[in-house]
Amino acid sequence: MPTVVLMDASLSMTRPVSLEQCSEELQRKNLAVAGLTMLFEHMANNYRLEFTSLVAFSSLWELLVPFTRDYNTLQEALNNLEDYDKTCLESALHGVSNVVQQEWGHACPTQVVLVTDGSLGIGKGSLRHSLQTLKGRPEDKKFPLPFPFPAKLFIMCIANAEELQMTDTMHNLEQLLQLNGGDGQIFTMEGQLCLKSVQSMFGRLIDEVYSPFPAVLRCGNLASDVQVFPRPEPVFLDEEIDPMPRHILTDLEIVGFIEIGDISSPPVMSRHLVLPIAVNKEVDDVGPGTTEEPEEETSANQQAGKIPNFCVLLHGSLKVEGMVALVQLGPEWYGMLYSQADSKKKSNLMMSLFEPGPEPLPWLGKVSQLGPISDAAENPYGEDDSKSPFPLQPKIKRSYAQNVTVWIKASGLQTDVQKILRNARKLPEKTQTFYKELNRLRKAALAFGFWELLKGVAELLERECTLLPDTAHPDAAFQLSHAAKQLKLASTGDSQYAAFDQNINPMHTDFSGGGAGM
Amino acid sequence: MKMFSVSHKTAFVVDHCPYMAESCRQQVECDVLTKSRGQGMIPLAPVSKSLWTCAVECSMEYCRILYDVYPLRKLINYIVSDSEFHILNSWRQEDQSTHELMSALAAVGPPNPQEDPECCSVLHGLVAAVESLCKITEYQHEARTTLMDTADRVANRGRIICLTNAKSDTHVRMLEDCVQETILEQNKMAAGSDRLMSIQQCELVLVHIFPQGEDTLVSDRPKKEVSSLLTSEVHSVRAGRHLATKLNILVQQHFDLASTTITNIPMKPTLNVCEQEEQHANTSANYDVELLHHRDAHLEFFKSGDLHMAGSTSRDSGLKETVTLKWCTPRTNSVELHYCTGAYRISPTDVNSRPSSCLTNFLLNGRSVLLEQPRKSGSKVISHMLSSHGGEIFLHVLNSTRSTLEDPPSISEGCGGRVTDYRITDFGEFMRENRLTPVPESPDTEASGKPPAERAKAQLERYTRYWPMIISQTTIFNMQAVVPLANLIVKESLSEEDLLTCQKTVYNLVDMERKNDPLPISTVGSRGKGPKRDEQYRTMWNELETLVKTHVAGSERHQRVLDCIIACRSKPPEEEERKKRGRKREDKEEKAEKNINKDSEDKSWQESERLKGVVERVKEEQGESEVIKDSPDSPEPLNKKPRLEEIQLPEKAKGPVSLLTMWTNRITVANSRKHQEFAGRISSVNNKAELYQHLKDENGMDLHENGKATR
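Protein chains in written order, with UniProt numbering: chain A, 1 to 518; chain B, 1 to 711.
No wet-lab data here; the hints were simulated from the structure. Be a bit skeptical, because a hint or two may be false.
[What the hints assert, rightly or not] DSSO-like cross-link-like pairs, simulated, lysine-lysine; straight-line CA separation at most 27 Å:
no.: 1; chain 1: A; residue 1: Lys395; chain 2: B; residue 2: Lys135
no.: 2; chain 1: B; residue 1: Lys450; chain 2: A; residue 2: Lys366
no.: 3; chain 1: A; residue 1: Lys443; chain 2: B; residue 2: Lys246
no.: 4; chain 1: A; residue 1: Lys135; chain 2: B; residue 2: Lys246
no.: 5; chain 1: B; residue 1: Lys224; chain 2: A; residue 2: Lys387
no.: 6; chain 1: B; residue 1: Lys74; chain 2: A; residue 2: Lys395
no.: 7; chain 1: B; residue 1: Lys303; chain 2: A; residue 2: Lys142
no.: 8; chain 1: A; residue 1: Lys319; chain 2: A; residue 2: Lys387
no.: 9; chain 1: B; residue 1: Lys224; chain 2: B; residue 2: Lys135
no.: 10; chain 1: A; residue 1: Lys419; chain 2: A; residue 2: Lys430
no.: 11; chain 1: B; residue 1: Lys532; chain 2: B; residue 2: Lys515
no.: 12; chain 1: A; residue 1: Lys443; chain 2: A; residue 2: Lys430
no.: 13; chain 1: A; residue 1: Lys141; chain 2: B; residue 2: Lys303
no.: 14; chain 1: A; residue 1: Lys395; chain 2: B; residue 2: Lys2
no.: 15; chain 1: B; residue 1: Lys450; chain 2: A; residue 2: Lys345
no.: 16; chain 1: B; residue 1: Lys450; chain 2: A; residue 2: Lys395
no.: 17; chain 1: B; residue 1: Lys246; chain 2: A; residue 2: Lys397
no.: 18; chain 1: A; residue 1: Lys135; chain 2: B; residue 2: Lys303
no.: 19; chain 1: A; residue 1: Lys366; chain 2: B; residue 2: Lys491
no.: 20; chain 1: B; residue 1: Lys246; chain 2: A; residue 2: Lys409
Take the sequences, apply the hints, and build the full model.
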């Protein structure tokens, strides 16, 4: 989940903070920078796989740092931020929208952290003006929210709530959130504007959005402490019936294993890295002696690398065997673990989340009905691994798999009639195919109430009968006239002859004895 | 989409009145004469469909597409109306198939032109449709039962598609009014019933069908609200091709479908499944096939607004939008796991055309095709994949944008990444044994209590009760001779035969010990200085016992396997137990006098005796260090290092350690560096046994005698 930090660089940010107890003069901008510095530091230490970019805006916007994991670069750009003119949020949001779409497309959930002092401009280009003119805009001048990609908007106000409520700023910001589909939150500072309160505000953001997701991965009695990155988002199912968000469990329990060929590129909602983490870090933290600390730390890391970890074992075997592990994420919610290669050398344990529900993949059936192979009377994979119980076959075949009859286009009807005639000319060798095609046509004609066709085909067969060459097998004539007669009877709608499930059977003749057939 | 949206229930009402028997006046030449045979023959008069035939075949096409894309949860109730209504199927899932409907339609037959038109009306059918919409479906019932208190969240909405030949706009209004009144009436009835649900929303789609060449008497009208419960729209369509197109558009609108045209499908002989019919097999023309599917498969295109860039074209005189995707020749194999963000069932628009059936048969044979998004810039973006799973074809959406998870730290850089002797092959074998299989739902499985997935988890639990992760942590799993027992002991229950096999395995091990066969542990960097043979066997027996002990609670036969091991193994475990207990007692007595240093050291020794894994690890590290320090100059640290580990490691494994223990450990270690070590400890290579040599000898003798005496 990439993050865009949208930093207000307008002149109003340079307003000094009135402080009684503090001697040093601070600008709002300094507070914002302090808050963001805290965020970047946190990410560099605890959430370093997150891609973050920095956009500054006033009446114009500028991409200062494109998406990166290099938090030093971000920090540097932040420190060198200059002051510009007035605030124009709309164009800046357009900018964010462009930056994200260019980098990640439209499916990638993104976090936008807007840092502003809450003076959102005056007159044209101000947020108030933008919101007032929402309706009746032409297609190419639409307000940038909601973003074309799933986005959470976090508004960090370098101001306290009372200040914002005195004007209509709070109201406007709330409206902004609503435009984004309600996804996001407005953070304000509590009490006096000072370093402490800005840090507490960013602390709340970090806790809510950028804290690592710890979990335990279990396979029976084997287990490993892991971090799941990025944090799995809560999922809403049918909001009418099930309006509660679903969270994944912190206890990820493996149900069993399936071959990659059997699970066959399933659709997933999101993908997450599963990174093993050291268990007793606390013990290391209380290590004695300040002088020895760096040494202790490296040895602790090395120690962690040397202690066998279940994740590494699992990853290695999944990779070698070409399998995935089915993992339970919650009640009626599953996912899969597999080895994902980033390059030739690097590979990782990855977890993909399926859509919540008892049967996320039709070709596996209900997951709760998947049991150990020892439950089956004989090994469904065969003694030599030559078979597989997957994929499950649907009870009813799809139309394209069952030779349905469709005559909507004239060509469909013509093809079917020609097929019958072609086989009619090759009687008696093609007797089986002839009757198969004839019965298919008969069934469809009866269902569609298309009796005229039955009469027509009967006449065609009678004509074919008269056109038979002298060399033709005598059986051919018998079968043709028999079929024609049966079709005619069916075309009367007489229930005796026009039953849908009834078939016209080949006439029983016997020419093998050389005598007369009838 | 909401589960119980309007499209959960669709009632088809098809007019079966005498006027529907009228010809649609669109003629089909079904006697296509070939040139060679054509001479002097009078071709058969062309046939033409009735309005009824047109209505039925187009409605069946609507159903075909619907059932292909939504085999479940989208239900159709088919009603035919003449002098009375005929309901051809129910909402039940097993009634939902085109075959069922065709069979029922054949029984109805075409309308009887002789019937009195005064008695016939489509109204009977419309009333029946409203009544039917009030009937609860099995899905609604299930949802209501599971929700209990909030059962009212389960909505009841539906759609009525009426195919008829209306007289005039006034006639249409009369039909709308009738539906509206019936809804109000039925809702009153439903309020007092458990099996009925009142209708919250109903969409009436009236399709007026008229023959070719006639002017329509009914005007088209977009959707309008008749009341808060009912909306209505009117489509006035010529029978035949136009009606088919209209219903195709309607099914797309009603079920959020979109169209994709696969282009550039090569007609190679290898792909050509209809060869026997192909007369010009050599012409390798590329052909196109149009597919319908849920429109979310195009989400990325909609959002980016590059529908046009993706090759959207309008077909069928601008009525329909389709996205063009190009067949991609490097085919994919099934063992590749693509990052796929969605998979949607498809239905070919022209199901039995040759190109369609060639494509679908190709896919049904188990092959997959990647699809490429045509772009003006020339860059190749693979955005979709067609693949079949068990006779169903899905359009997979592949992620084609940059991944946020790129360049992660490799697993070898993290925890446990430096360990090189994981039992990868063994765990692979374990995974194969723990593969899943679908278990048919039956009353039997209900009776046994646990659902299959829970049983699978229980099996994993049993199989992993004792499962060392690295090769140097285990002896028994490196021994071929133990395999039969190790495979059987994890089973939920053992047969008499299994028990026998286990016992044989144990006897076999006893035999090996007697013959003094080498064990696999000794090979790891022993260089002749490794543990003695009898020591190896003791470790092996201990490990085997640990394994079997974890399963003893399983059954009486599991217990008998353990009994067998205890009876046969070289050093009965009671002896060790007693020895330990004896020592503990000793410890307690002496504790007061002993200094902290000694005490903690002793503790750690006990720890290392109890925690098998730890002992094993110590050994491993010892082995390692011996390998690394493979130089004549370094015998000294060789002894020191493992000892250091011995003291620290057990603490690590225990988890949180008190500051005191840690401190004393550090002091102990520091002190131990300063003074001369005990002679006994120095001479020991494998630590514990040598250290308690005297104890073992004395007690061991006693116990052996005792053991014999009791037996």
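Ascending list of hint numbers which this structure does not respect: Going through the list in order, the structure violates hints 4, 5, 15 and respects the others.
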